[in-house]
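Participant: Listed below are the residues making up each chain.
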Amino acid sequence: MNALLISIWLLPLVGAILLWAFGPQLNRAAGVVGTFVVFFSFGLTVVLFDVARAPGGLHVALGSWVPGFDFGLLLDPLALLWALVITGIGGLIHAYAIGYMWSDKAIARFFAYMNFFVFAMLTLVLSDNFVGLLVGWGLVGLASYFLISFWFYKPSAVAAGRKAFVINVFGDIGLMLAIFVIFAQLGSLGYASVFSKVGHLSTPTLLLVCVALFVACAAKSAQVPLHTWLPDAMEGPTPVSALIHAATMVTAGVYLIARCAPIFNASPQSQELVGIIGALTALTGAILGMAQWDIKRVLAYSTMSQIGYMIMGVGVGAYEAGVLHFWTHAFFKAQLFLGAGLVIHALHDEQDLRKMGGLRRRMPFAFLAMLLGTLAIIGFPGLSGFFSKDAVIYGVLERGHPMLFGVGVLVAGLTAYYMFRMIFIAFFGTYRGELDDAAVGVTERAGSPEPEDHAVHLPDWVMQGPVAILMIGTVGAGWFAIGGTASPWYRFFGDTFGTSAASAGVSGFPELASTILVLVIVAVGFAVAYARYGSPNAMAHAVDQLRNESRTMPPILVHAFYVDDALDALFVRPARALGTFFARFVDPHVIDGGVKDLVWLASALGLVFRVLQNGLVRTYAFTLVAGAAAILVYAAWMGSR
Amino acid sequence: MNFDPSPYVALSAVIFFIGVLGVLLRRNPLIVLMSIELMFNAANLALVAFSRAWVNNAGHVFAFLVITVAAAEAAIGLAIVVAVFRRSTNVDVDEVASMRG
Chain A
1 MNALLISIWL
11 LPLVGAILLW
21 AFGPQLNRAA
31 GVVGTFVVFF
41 SFGLTVVLFD
51 VARAPGGLHV
61 ALGSWVPGFD
71 FGLLLDPLAL
81 LWALVITGIG
91 GLIHAYAIGY
101 MWSDKAIARF
111 FAYMNFFVFA
121 MLTLVLSDNF
131 VGLLVGWGLV
141 GLASYFLISF
151 WFYKPSAVAA
161 GRKAFVINVF
171 GDIGLMLAIF
181 VIFAQLGSLG
191 YASVFSKVGH
201 LSTPTLLLVC
211 VALFVACAAK
221 SAQVPLHTWL
231 PDAMEGPTPV
241 SALIHAATMV
251 TAGVYLIARC
261 APIFNASPQS
271 QELVGIIGAL
281 TALTGAILGM
291 AQWDIKRVLA
301 YSTMSQIGYM
311 IMGVGVGAYE
321 AGVLHFWTHA
331 FFKAQLFLGA
341 GLVIHALHDE
351 QDLRKMGGLR
361 RRMPFAFLAM
371 LLGTLAIIGF
381 PGLSGFFSKD
391 AVIYGVLERG
401 HPMLFGVGVL
411 VAGLTAYYMF
421 RMIFIAFFGT
431 YRGELDDAAV
441 GVTERAGSPE
451 PEDHAVHLPD
461 WVMQGPVAIL
471 MIGTVGAGWF
481 AIGGTASPWY
491 RFFGDTFGTS
501 AASAGVSGFP
511 ELASTILVLV
521 IVAVGFAVAY
531 ARYGSPNAMA
541 HAVDQLRNES
551 RTMPPILVHA
561 FYVDDALDAL
571 FVRPARALGT
581 FFARFVDPHV
591 IDGGVKDLVW
601 LASALGLVFR
611 VLQNGLVRTY
621 AFTLVAGAAA
631 ILVYAAWMGS
641 R
Chain B
642 MNFDPSPYVA
652 LSAVIFFIGV
662 LGVLLRRNPL
672 IVLMSIELMF
682 NAANLALVAF
692 SRAWVNNAGH
702 VFAFLVITVA
712 AAEAAIGLAI
722 VVAVFRRSTN
732 VDVDEVASMR
742 G
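Sequence order for the protein chains is A and B.
Our numbering applies: residue 1 is where the first sequence begins, and numbers increase by one.
Our numbering applies: residue 642 is where the second sequence begins, and numbers increase by one.
By construction, these hints were calculated from the structure, which means they are not laboratory data.
Every value quoted in this text rests on a predicted model; they were computed, and no experiment measured them.
Among the hints, a few may not be true.
Sample of chain B residues facing chain A (criterion: CB under 8 Å; computed from the structure) [said to hold, decoys possible]:
#, residue
1, Ile659
2, Val664
3, Leu665
4, Val732
5, Asp733
6, Ala738
7, Ser739
8, Met740
9, Arg741
Each residue gets a CB set at the ideal place from its N, CA and C atoms; glycine is no exception.
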């Protein structure tokens, strides 16, 4: 058992090292090796399914540094769920990437990074203590940096990678701070011992720990105001966007809060804060998603919005609901990204929605994938997203947060609008790819297109197969949760999350009413999208309308609420000014200046003493004699006393 | 067995002083070397005299050591003089000042 768990954890690392070492030899076979390794890990995870559900899960002690610093692996239901998604959906995305990256020369490097990411993410979720969590937390940020900047010859990709890395490190600092406080107060870092001693923490300390943990979540999971790296991260290859920036890494924040449920349960104020930020993120993401033209950026903002839902759910204490939304979202968002990848691939790297149109007939499979994913994300009854979103929205109300409930309902409507806006513009009407950029209002490119050489193509099924498998999950992943708290989903977790102090406020509002309200709002969102982009009338004037809309887009939406500019003014520019100050004054005058003064002193002394070194032997001899005479005189004088 | 070393030491001092003056004042390297030789032997004389006075053989041993060192010094000194003389026909120690700082 223990060996199996360690294998799950280390296999992807072995794969990464193999691909790094033998990449040039393996060349395109690297894709197959990388994919196989991840699927093997997935197989082992499935084997351990029942073991992980035993009380206490499966625990493997790896070693101890000093008392309180014990390293080990823990596979309990929560870690199991994440491990299944990381290796399962990760494996499918690896398989898809074989087709997507086939014509890229650096395919071995790509799969090495992808395997490394899977290893890092498994470190994060399988660790049984906060230090291992931090290590995984940092490593996934590094892997994300590698993969966003994968096409390092594109300056925009490098800039996006750097931005993501810096913001993620900001989150790491939050996590580190929380760990310091926990260790200082409780003297241990293992989950089990920390959670059993949460009661010893005072309220302000608890609040500090929770806020620090949440800073880490916000940076990793793209919560307001640390979300600006996520849309830029779409510069990476599309499979990366699907795996890291939709399905797994960005949900690490959800994992962290769910994992630290005992801590958050003890601090209702911080739960309130997390819920509010989550709702704000959901709303911001949805509003910005409505104003995007780049197909991947639409999906990026929708990811942000959906993670907002998850954070809102786990924040207010509806852990099962928030985690359920992670589970279903992993399927349909991966599918949406991979579907978008099919479109981008087939259109020779066109990502602008305005240059698409009418793709329904050209690529029916991609249309099916995108439509199914869209229906799932907006919560079409029966599909996976319906159950999870409903659970989150009602869970929030159930725990006495009517305001957040209202935001959740509103965002559901906005989601329906912007997702169907994308579907209608890209897949209905007539194809606009042959038109000029200006005719459809494209003035500047949000992201740079994905570079590829189209000399070789694999058969379609290589990329369509994984998407088809994801469809099963997109439809059915939510069915486990049918039946509310008695469902297999809730029994799966048992008492993993404990009970929240704030979960008392059950309102009289029945769940059915909440569901119907959400559905009505979703229908309204869909109707607006249909009227604006999908009706025969709108179709007829699509070109003019798109051009018009591009021109009249409110600047505040184009600039994404100026969050980037605000961060720039608040942090980047002061930091740069400080750097300039040090470069102009401190370095030349203090640090360099000190060294220069020393040099001047040495050369001045040299000037004085070089006079003695005149090269005349007789002078040296005289000096010697004079010295000897001086010693003689001194000795005589001393002797005479 | 009373031995008074004073005359020997006085002679030693005189010879030593002559040697010092020779080194400081003469510019011919051969003369300088000879003057150094004088100083060695002045020291030897003093050593032997004191050795006799204190009835201690260490002074004799030291004198022999000094003779050996003096021989080595003469060999090296003359070799340097020959080397310098090969480079230029100058035999003035003041002209050989290429080590000036």
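Participant: Now tell me, hint by hint, if it's right for this structure.
Facilitator: Going through the hints against the structure:
Because the beta carbon of Ile659 (chain B) sits about 13 Å from the nearest beta carbon in chain A, more than 8 Å, this interface hint is broken. The interface hint given for Val664 (chain B) is met, as the beta carbon of that residue sits about 5 Å from the closest beta carbon of chain A, less than 8 Å. Given hint, Leu665 (chain B) at the interface with chain A, holds; its Cβ is 6 Å from that chain's nearest Cβ, closer than 8 Å. Interface restraint check: Val732 (chain B) against chain A, minimum CB-CB distance 13 Å, threshold 8 Å, status violated.
A hinted interface residue such as Asp733 (chain B) counts as satisfied when its beta carbon comes closer than 8 Å to some beta carbon of chain A; here the least separation is about 10 Å, so the hint is violated. Hint on Ala738 (chain B) holds. Least Cβ distance to chain A is approximately 3 Å, under the 8 Å limit. The beta carbon of Ser739 (chain B) comes within 6 Å of a beta carbon in chain A, closer than 8 Å, and the hint placing it at the interface holds. Nearest Cβ of chain A to the Cβ of Met740 (chain B): about 5 Å, under the 8 Å cut. The hint holds.
At a threshold of 8 Å, the smallest CB-CB gap from Arg741 (chain B) to chain A is about 3 Å, leaving the interface hint in force.
Comparing the model with each numbered hint stated earlier shows that hints 1, 4, 5 do not hold.
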